[in-house]
Amino acid sequence: MKSSISDLTKYYHSIETFKVDQTLFKQRCKRLIKRQPLTPALLKEVATLKPDAYFAKYAGRRTRMNINSEAIDVRDEYDKLESPVVPYPVFRDRLATLARKQRDVPLKTHTGVSHKAGSLSEEHWKYFIGSGRAKPFIYDGTQYPAIKGQQFLSVPSLLMEIGKLDIKSLVLSRLKQGFTIDRAISEEKYTPKDGNGWIYKLSSSECEQEYIGLTTSEPECRFNQHKTSARNGSGLLIHKEIRRYGDKTFFIGIVDSQVPVSELAERERHYIKFLNTLAPNGLNNSAGGQLGGSRGKPIEIDGVSYKSITEAGKSIEKETNGAVRWYSAESRIRNGEEMPERARKHSFHADAGTNLFRRHLGLAKRKQLCHRWLDYDEFKRDVLKEFTMSQIINQKLRLSKINGSKLYGPKNFVWLTSKEAIEARCGKPINAFGQSFRSMTAFAKHYGIPVSTVKYRMRVLCLTPEQAVHIQHIPIELKQNRYDCLSNRHWKN
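Using this note's numbering, you'd call the opening residue of the sequence shown number 184 and step up by one each time.
Treat the hints as calculated values from the structure; they're not laboratory data. These numbers were taken from a predicted model, which means no experiment stands behind them. Incorrect hints may have been included.
[Claimed, not checked] Per label pair, the in silico range of CB-to-CB distance: (1) Lys347 - Val487: 56 to 64 Å; (2) Ser417 - Lys347: 23 to 31 Å; (3) Ala462 - Glu305: 57 to 65 Å; (4) Ser619 - Asp565: 22 to 30 Å; (5) Asn538 - Gln650: 28 to 36 Å; (6) Leu355 - Leu590: 48 to 56 Å; (7) Glu265 - Leu355: 52 to 60 Å; (8) Leu355 - Glu305: 42 to 50 Å.
A virtual CB, placed ideally from N, CA and C, is assigned to each residue, including glycine.
Take the sequences, apply the hints, and build the full model.
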């Protein structure tokens, strides 16, 4: 229907039933015509609906966006959805996010985006839209010809399209190793076929629930990995409990040993079920059986081919009868370093690996300790007389020398904060009233005067340290002569 003023006027006068005021009718038409064509059915509602009913249907907030180079009415798009799982504000925000991405990055057309914005869960929408550091890419593989040339905002978005979102972590890990997208998706998960492993159990003196796991490395090594994961904030039940009760309350036990690798997964599932350790009765998140990861890159060392760097490291450990551990060999292979003749010597002291032990080891290597303090126990006994180790760590104290020209010793050490240590190392000493201060800041703090005031009085007004802290009123002649002092570079520190 034409929407000229004369046509609208004729239509208005042709209505014989209840109708709104003519001025209000024209105002409604003027607003609606910007959003949609004025059909006869729409014009009838515009002319006959009472204000409350009209406002509820047509006068609500309307948001327009450019999606796929086309201006859309977000409310209309939402109303077209049969059963949206998210409320309208969330739907609107999701489309706004996509519109921003299309402005910032040259994206191709995305079909069905309104349906995805209204039907995907929060987690799946993040996969589709490519949150975080995800970058858009065009699938150019041959494994899935139906989607070849299609653009995706993230790798998980592609996996959702082909129904393989369950292997997301594996595919992302493989892509980081340089796999092509087709190989990362289609290649079977690698599981070692030879060697033996262990089924172990983690228990705690403070917690009645237990955890069953499998490992192909040494059980103690696997236990240490659990402790590290717990410290790093892992969300697994076992790691939450380790953080809650402390790793010292947990201990590891061997349930089954010398299990062929090919049988490890089945044995783990059996013991989890037999010992009833699956949550909520135990600390296992799943029924078990997860073994292996993405296949490593083949590598050749001294003419010998290996399936992966890890396999090469374990082979070197066997060849050296354990003198070089597999993780040390793996690290050196990755960094292109020569293989050591023997492994690094580890201390069996009870404090080995602690903060204080490492500090002592570093000072000893730099030959900064006196003869008495070369013995760690003597060093520990002397430095912990005033502070406990927890206080030192919490206050971030540093061990510093009193006399920088001498070695660390019982009478030549002091615990300082980071700021105090910097002052002791970089500050210029000041002598005043028969006392020595390590810096101007320490001097000003001792007398309760702002350090900027002390610097001004000493450097600009050329006062002595004693005068700088005791003078109450600065004579006029001192202020008048300050420029002469500056010009003559008459600075006193």
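Quiz prompt | Hints not upheld, ascending by number | solution = 1, 3, 5, 7, 8
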